[in-house]
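Participant: Protein sequences, first through last, are from chains D and L. Residue numbering for the first sequence is 1 to 117, as defined by the numbering used here. Residue numbering for the second sequence is 1 to 116, as defined by the numbering used here.
Read the hints as simulated data drawn from the structure, not as lab findings. Be careful, since some hints might not be right.
[Claimed, not checked] 25 Å max Cα-Cα, derived PhoX-like pairs, lysine-lysine:
hint, chain 1, residue 1, chain 2, residue 2
1, L, Lys-103, L, Lys-56
2, D, Lys-42, L, Lys-55
3, D, Lys-42, L, Lys-3
4, D, Lys-42, D, Lys-57
5, L, Lys-3, L, Lys-55
6, D, Lys-57, L, Lys-3
7, L, Lys-72, L, Lys-103
8, D, Lys-66, D, Lys-42
9, L, Lys-3, L, Lys-70
10, D, Lys-57, L, Lys-103
11, D, Lys-66, L, Lys-70
[To be verified] Chain D is faced by these chain L residues, among others (derived, beta-carbon under 8 Å):
hint, residue
12, Phe-35
13, Gly-43
14, Glu-44
15, Leu-48
16, Phe-68
17, Leu-104
18, Trp-106
[Claimed, not checked] Listed next, with one range per pair, are the computed distances between beta-carbon atoms:
hint, chain 1, residue 1, chain 2, residue 2, range
19, L, Asp-29, D, Lys-57, 17 to 27 Å
20, D, Tyr-5, L, Lys-70, 12 to 22 Å
21, L, Thr-5, D, Leu-3, 35 to 45 Å
22, L, Val-46, D, Glu-45, 14 to 24 Å
23, D, Leu-3, L, Lys-16, 26 to 36 Å
24, D, Gly-16, L, Ala-81, 47 to 57 Å
25, D, Gly-16, L, Ile-84, 21 to 31 Å
26, L, Val-61, D, Asn-83, 34 to 44 Å
Note that beta-carbon positions come from the ideal geometry of N, C-alpha and C, so glycine has one too.
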Amino acid sequence: GALVYQYPRRTICKSGTSMRMECQAVGFQATSVAWYRQSPQKTFELIALSTVNSAIKYEQNFTQEKFPISHPNLSFSSMTVLNAYLEDRGLYLCGARDSQGAGNTLYFGEGSRLIVV
Amino acid sequence: AQKVTQTQTSISVVEKTTVTMDCVYETRDSSYFLFWYKQTASGEIVFLIRQDSYKKENATVGHYSLNFQKPKSSIGLIITATQIEDSAVYFCAMRERVGDNSKLIWGLGTSLVVNP
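Bound-form chain D, shown alone (with noise of 0.2 Å):
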């Protein structure tokens, strides 16, 4: 079947510095990512939108500056949160969409919790 692992599951970091996370699909070819922010009131955000060989593409308020995102295959992504401050925490989920078969369906981890002290 369909997994998506993500990792680390959590970090703390300190005020101000950075927290990196991978993606990483297994059982299918993942050629679009989607890396979502989950906030502490269970609300979803959309942070960008990454296609293997297409240019990533920010939401509003998610910049490359502060979130740069890499998708070298079809099997992996990573994500950088830089400069991590209180508002930045939050559970973030890698979704990963199948190219084949169920290609309209999202496939998610556990996501990499990110704790900011």
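Starting from the structure of chain D, add chain L where the hints point.
Facilitator: Positioned in the frame of chain D, the structure of chain L alone reads:
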């Protein structure tokens, strides 16, 4: 504007019973996809079931089924024979067919507690 609304904040049921979770959506597109996910206590988001708007038959996967009422823009999730392990937060989400295929609009979730 696209919107997904889950009015039930939390539901508590006894195991082995059937539970229905409500979800209504707003979209201007004639073709779209509707999803239900559950989020476990660990934070993991698990895909459960999907309904394509152009399909009239209600989707069914295992003990999950959907009650798709297109004229009412409603996509209810039905869980039969609930188990303790079904306790989680359930999210309804929608994606329109046109535009970016990966952008989901999420509801606020319904917390399900299954008691012994």
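Participant: If a hint holds in the structure, say so; if it does not, say that too.
Facilitator: Evaluated hints:
1. Lys-103/L x Lys-56/L: holds, 24 Å
2. Lys-42/D x Lys-55/L: Status violated; Cα separation ~30 Å.
3. Lys-42/D x Lys-3/L: Roughly 16 Å separates the two Cα atoms, so the pair holds.
4. Lys-42/D x Lys-57/D: holds, 23 Å
5. Lys-3/L x Lys-55/L: holds, 21 Å
6. Lys-57/D x Lys-3/L: At roughly 21 Å apart (the allowed maximum being 25 Å), Lys-3/L and Lys-57/D satisfy the hint.
7. Lys-72/L x Lys-103/L: Judged against 25 Å, a Cα distance of about 23 Å means the pair holds.
8. Lys-66/D x Lys-42/D: holds, 22 Å
9. Lys-3/L x Lys-70/L: holds, 15 Å
10. Lys-57/D x Lys-103/L: holds, 11 Å
11. Lys-66/D x Lys-70/L: violated, 40 Å
12. Phe-35: holds, 7 Å
13. Gly-43: holds, 5 Å
14. Glu-44: holds, 4 Å
15. Leu-48: violated, 10 Å
16. Phe-68: Check failed: Cβ of Phe-68/L comes no nearer than 16 Å to chain D, outside 8 Å.
17. Leu-104: holds, 6 Å
18. Trp-106: holds, 4 Å
19. Asp-29/L x Lys-57/D: 17 to 27 Å: holds, 19 Å
20. Tyr-5/D x Lys-70/L: 12 to 22 Å: violated, 36 Å
21. Thr-5/L x Leu-3/D: 35 to 45 Å: The hint (35 to 45 Å, Cβ to Cβ) is violated, given that Thr-5/L and Leu-3/D are roughly 30 Å apart.
22. Val-46/L x Glu-45/D: 14 to 24 Å: holds, 20 Å
23. Leu-3/D x Lys-16/L: 26 to 36 Å: Cβ of Leu-3/D to Cβ of Lys-16/L: about 29 Å, so the range 26 to 36 Å holds.
24. Gly-16/D x Ala-81/L: 47 to 57 Å: holds, 51 Å
25. Gly-16/D x Ile-84/L: 21 to 31 Å: violated, 43 Å
26. Val-61/L x Asn-83/D: 34 to 44 Å: Roughly 43 Å apart at Cβ, these two residues keep to the hinted range, so it holds.
The structure is inconsistent with the numbered hints 2, 11, 15, 16, 20, 21, 25, although it conforms to all the rest.
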